[in-house]
Structures are given as structure tokens and as C-alpha cells.
Amino acid sequence: MTAATQGLPAEDTATSLPRLLPRDGQRPENWHAHTARHGRLPYRDRRGDLIDDLTAAGLTGRGGAAFPAGRKLSAVLDAAGKRRRAPVVITNGAESEPASEKDATLLWLAPHLVLDGLQLAAEAVGADQAILYTHVDRRNDVGRRLRQAIAERVAVGADRVAVQLAEAPPRFLSGQETAVVSHLAGGPAIPTFIPPRITERGLLGAPTLVQNAETLAHMALIARHGPRWFRQVGTAAEPGSMLCTIRRADGAPRVVEVPLGMPLKALLSDVRADQAVLIGGYHGSWLPATEAVRLTLDNQSLAAAGARVGAGILLTPPPDRCVLIETAAVVRYLALESAGQCGPCLNGLPRMAAALTEIAVGRQRGQTQADVERWAGLVTGRGACHHPDGTARFVRSALITFAAEVSRHQRGQCTGTSKRPFLPIPHGSARTEEDWM
Amino acid sequence: MSEKLLVNPIECEGHGACAELLPEMIHLDEWGYPIVDGRPVPAGLERDARAAVSACPTLALRLLRS
Numbered sequence: 001m002t003a004a005t006q007g008l009p010a011e012d013t014a015t016s017l018p019r020l021l022p023r024d025g026q027r028p029e030n031w032h033a034h035t036a037r038h039g040r041l042p043y044r045d046r047r048g049d050l051i052d053d054l055t056a057a058g059l060t061g062r063g064g065a066a067f068p069a070g071r072k073l074s075a076v077l078d079a080a081g082k083r084r085r086a087p088v089v090i091t092n093g094a095e096s097e098p099a100s101e102k103d104a105t106l107l108w109l110a111p112h113l114v115l116d117g118l119q120l121a122a123e124a125v126g127a128d129q130a131i132l133y134t135h136v137d138r139r140n141d142v143g144r145r146l147r148q149a150i151a152e153r154v155a156v157g158a159d160r161v162a163v164q165l166a167e168a169p170p171r172f173l174s175g176q177e178t179a180v181v182s183h184l185a186g187g188p189a190i191p192t193f194i195p196p197r198i199t200e201r202g203l204l205g206a207p208t209l210v211q212n213a214e215t216l217a218h219m220a221l222i223a224r225h226g227p228r229w230f231r232q233v234g235t236a237a238e239p240g241s242m243l244c245t246i247r248r249a250d251g252a253p254r255v256v257e258v259p260l261g262m263p264l265k266a267l268l269s270d271v272r273a274d275q276a277v278l279i280g281g282y283h284g285s286w287l288p289a290t291e292a293v294r295l296t297l298d299n300q301s302l303a304a305a306g307a308r309v310g311a312g313i314l315l316t317p318p319p320d321r322c323v324l325i326e327t328a329a330v331v332r333y334l335a336l337e338s339a340g341q342c343g344p345c346l347n348g349l350p351r352m353a354a355a356l357t358e359i360a361v362g363r364q365r366g367q368t369q370a371d372v373e374r375w376a377g378l379v380t381g382r383g384a385c386h387h388p389d390g391t392a393r394f395v396r397s398a399l400i401t402f403a404a405e406v407s408r409h410q411r412g413q414c415t416g417t418s419k420r421p422f423l424p425i426p427h428g429s430a431r432t433e434e435d436w437m
Numbered sequence: 001m002s003e004k005l006l007v008n009p010i011e012c013e014g015h016g017a018c019a020e021l022l023p024e025m026i027h028l029d030e031w032g033y034p035i036v037d038g039r040p041v042p043a044g045l046e047r048d049a050r051a052a053v054s055a056c057p058t059l060a061l062r063l064l065r066s
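In order, the protein sequences belong to chains A and B.
For the first sequence, the numbering used here begins at 1 and goes up steadily by one.
For the second sequence, the numbering used here begins at 1 and goes up steadily by one.
For reference, chain A alone in the conformation it holds in the complex:
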């Protein structure tokens, strides 16, 4: 155990949350505050050593896909050994879901925990290059904070691999793994076809580890406290804690760190029975509040309702908004954010968007819903990335959850009274390749 953690009571570091975010709220941690709370980096001085701990901890990716972190690092380490090529490790802080704030919050408040995780991941796979990919230039404050953090680490010699900052374009798909690699190689931030997997052949051909910022922060703590500590919160199948972005009524987004398996009821305390909850963001699912409050925040529980934890986004539009208009606006956004590379996505998403607008304004024809259902089926599983799949999931869940509201709209009625949009939608769609750079 390191010097700094010895000072803290054992049960405090063990179970209580938050683990990742600073305890005293909103003050960002500099190097001094960071090492006072967590101690120095526990380098293992052996390649691969940390991977066993990550596997035993059961850590999964917190970017949305929940892929086992240990397996991903193993794949990169194996590819590096077989091909005798040093890997690249990349922190993915692009956080392209417009409703999510958790990675930006984490990078702002606890940048050193993420950077520790990046160093430890680099050591575990034997990487000689480390990159932090996020909105460095577009959000000046974040860029300044991260440059400061890196400079602090250089000054004390904390890092063994130099960290480069790289800019993520403000597009929905710019955080998709193959898009990250494409962009860092000098191209547009749009997905490429798999195979090859980037763990085998990623950035300029090197085995590449792309890991969400929060996932790396968890790694930094597992490296310090071990897998048993990590499993002291969460469920047996889905251990640990996760950051969630919660948007209720008209309040500002709130980022909270909660254990996996937490009852949604506790997170949605003020939700009314006639409201709906969007779980997992714009590639996620709408659920009636009455159903959501019976579930827990883990994929095992949510799968039964056709939903997934995703990147931990929970949204409850206030009762005065029309959920169909909100949904149609999001689908339009998703259609415009398609990279337009794959035929089914290029053709299916705009059609679904147009149909949802017809439904929302009460102008649907007899065939409209059947068309949407067919298009949702046609796009699923047929893109190079999961953008069509996620969009189809979102659309289908809306038609099921809002069936009664759809019928009301057919009769020319709508429960929405406020026209102010609730679900955040960024301005401006990509028109030329420059917009993906």
C-alpha cells in the first residue's frame, strides 16, 4: 500500500462512493491533491501483470459497450507479441452522446486518475505511445486543464510513456473506436470496416487499445486496491461503480457515481408514473417510468426490458414536452450524423427520421409504422459500425413505449404544451469531410 492511502480508514477507501470523483465536490484535483488521495502510480514493472487483476475485478468498458477490459488488454498484448510491434494506448474522452457529461466531468475534476490509468494500461500491454483523445481545442478550459495536468506529471517524472493530446471532432460517431483510429492517423473520424480489429491492427498498423476515460480511471484504482476491493460494490456479474449523467425536468445535468445494480427508483426519485425514461442515451431505449422503477442499473436487469446501461445516461423529459417530437428530433440528428458510408444506414435512417416526424405531427399514413418497423429491421446489423443498430433500437423502443401517445397524435391530440426542446441536440450536421476532421 502506498504512503498516501495508509492515512485513510480502510472502510472509507473500500466501499464508500465516490471512488473516482473528488469527495469534496467540484474542486478539480491537481497532482498534489491527487497523490494525497490516491498515492503514486503503482507500476507493476512487468508487462501483463495488471491484466489478471482487471479480469479478476470483472471491469468492463464504461464507454457503453461493456466489453471486458481484461480481454481487450490481453488481445492487444497478444497481438503485440505475435507481431513484434509495440502497441498504442488511447484514452477515449470524445463522449459523443450529446446527453452525456460524465467523461468531461471526470477529465475536469480528476484528470490524473485517468492519466494514471493510461500509464498503467500502457505498461500492461507494453505500449510506447499514449494519446488522450478529447475536445481539447473546442473546449479551451478542458484543454488547459489537461495540458496543466500533463505538465505536472512531466515535472515529477510520473509518466513512463509521453502523453499526446489529440482533438476529437464534435460528431456523434467520433468516439467510435475505428473512427478514433482513423482520425488519429490523419483521416476523418468515421468508422472503418472490421476486420481487422484495432486490437490487432489499429493506428498505423500497430496493435491499439482504445479505452474510455472512466474505464482507465477504474483501472488506476484496481491497480492500487485490487480486484476484491473493486468488487465490494456492484453486482457479482457486473461489479464496481459507474458514472451516470442524469437529466431530470429542467435541471442541469447531474453526474453521479453509483454502484452497478442500484435500483433505478433511487436515481429517479421524482419521476411520475405517466413519464418515460430514456436509458442509455440516443442509442438507448425508452421505457415507461412504471417499468423503469422496477429495474436496477445493470445489464442483467435492463436486458429483460430490452434496455442496456450504455454510458449511464438517464433522461426523464418533463410532462409538458411532447416525447414524440423529442424522439423525432433525435432520430433526425442521428440520421444526419450517419457517416453515410453504408447503404442501409444511408437509406434507412433518413426514412425512419421522416416517418417519425410524420407520426409526431399527426400526419402518419396507414403504412407508416409498419414501414418504420421494417426499416429498423433492415438497418440492424448491416453497418460497419453499430450506428444503425443503436438508432433502430431507440426508434423501436419509442414506438412501443409511446404507443398511446402515437394514437392520440393520430386523432390530432398532443400532451405536450412546451415547445422548448429537452433532449440536447448539437447544432450543425456534417456536410463535407472537413466536418469530420
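Calculated from the structure, these hints are not laboratory results.
For clarity, every value in this text was computed on a predicted model and none was experimentally measured.
Here a beta-carbon is modelled for each residue, glycine too, at the ideal position from N, C-alpha and C.
Be a bit skeptical, because a hint or two may be false.
Stated by the list, open to error - Far from chain A, by Cβ distances over 10 Å, these chain B residues were calculated:
hint: 1; residue: E3
hint: 2; residue: K4
hint: 3; residue: G14
hint: 4; residue: G32
hint: 5; residue: L45
Stated by the list, open to error - Label pairs and their computed distance ranges (CB to CB):
hint: 6; chain 1: A; residue 1: R294; chain 2: B; residue 2: R50; range: 39 to 45 Å
hint: 7; chain 1: A; residue 1: D435; chain 2: B; residue 2: E20; range: 34 to 40 Å
hint: 8; chain 1: A; residue 1: N30; chain 2: B; residue 2: R65; range: 51 to 57 Å
hint: 9; chain 1: A; residue 1: N140; chain 2: B; residue 2: R50; range: 55 to 61 Å
hint: 10; chain 1: B; residue 1: R62; chain 2: A; residue 2: A237; range: 35 to 41 Å
hint: 11; chain 1: B; residue 1: R39; chain 2: A; residue 2: C414; range: 42 to 48 Å
hint: 12; chain 1: B; residue 1: R62; chain 2: A; residue 2: E433; range: 24 to 30 Å
Assemble chain B onto chain A, guided by the hints.
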């Protein structure tokens, strides 16, 4: 050893040659893009599968050993 068909949806431009040459395993959606049967290619269709792969103008269709 069995083989499976795989289409690269980024390369595919919906020319439709594959569906003409291998209708048993490939049909076109309403926009002209192929929907490919992902199961192993049966022994009797291997020649047609190879013909479909080589006929693709954008080289988007592949046979992968599984």
C-alpha cells in the same frame, strides 16, 4: 473447411451482381443492397459463391474461412 460470405458495407455500392449469381444466399433489400446469409456456404454452392465474389465491381464481397 467451411467458408462464410462477408460483405464490407462501406465498399458495397449496391450493384447487385452478387444476388444475381448467388440468389440462394444473397438477396437485395428495397434499396438494392445485399442481405447476405451468414451461415457456412453449402458444398454445392461454393462455385457460385466464388463467382459472386469475383463479380463484385467494388470487391466488397469476401469469402472467409471459418
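> Would the least Cβ to Cβ distance between B/G32 and chain A come out above 10 Å?
Replying inline: violated (7 Å)
> Looking at B/G14 again, its CB stays over 10 Å from all of chain A?
Replying inline: The claim is violated: B/G14 sits with its nearest Cβ about 5 Å from chain A, within 10 Å.
>> 24 to 30 Å was suggested as the range; check whether the CB atoms of B/R62 and A/E433 agree with it.
In response: holds (26 Å)
> Within 55 to 61 Å or not, the Cβ separation of A/N140 and B/R50?
Replying inline: holds (56 Å)
>> Just want to verify: B/K4 was marked as not at the interface with chain A; is every Cβ pair farther apart than 10 Å?
In response: With a cut-off of 10 Å, B/K4 remains clear of chain A, as the shortest Cβ separation is near 12 Å.
> A/R294 and B/R50, beta-carbon distance inside 39 to 45 Å?
Replying inline: violated (53 Å)
> CB of A/D435 to CB of B/E20, is that within 34 to 40 Å?
Replying inline: The hint (34 to 40 Å, Cβ to Cβ) holds, given that A/D435 and B/E20 are roughly 37 Å apart.
> Checking the smallest CB distance to chain A, is B/L45 really beyond 10 Å?
Replying inline: holds (22 Å)
> Is it true that B/R62 and A/A237 lie within 35 to 41 Å of each other by Cβ?
Replying inline: Given about 36 Å between the Cβ atoms, the range holds.
>> Confirm or reject: B/E3 is not an interface residue toward chain A, with every Cβ-Cβ distance exceeding 10 Å.
In response: With a cut-off of 10 Å, B/E3 remains clear of chain A, as the shortest Cβ separation is near 15 Å.
> Between B/R39 and A/C414, is the Cβ distance one that fits in 42 to 48 Å?
Replying inline: holds (46 Å)
> Per the hint of 51 to 57 Å, is the separation of the Cβ atoms of A/N30 and B/R65 within bounds?
Replying inline: holds (54 Å)
Of the numbered hints stated above, those contradicted by the structure are hints 3, 4 and 6, listed in ascending order.
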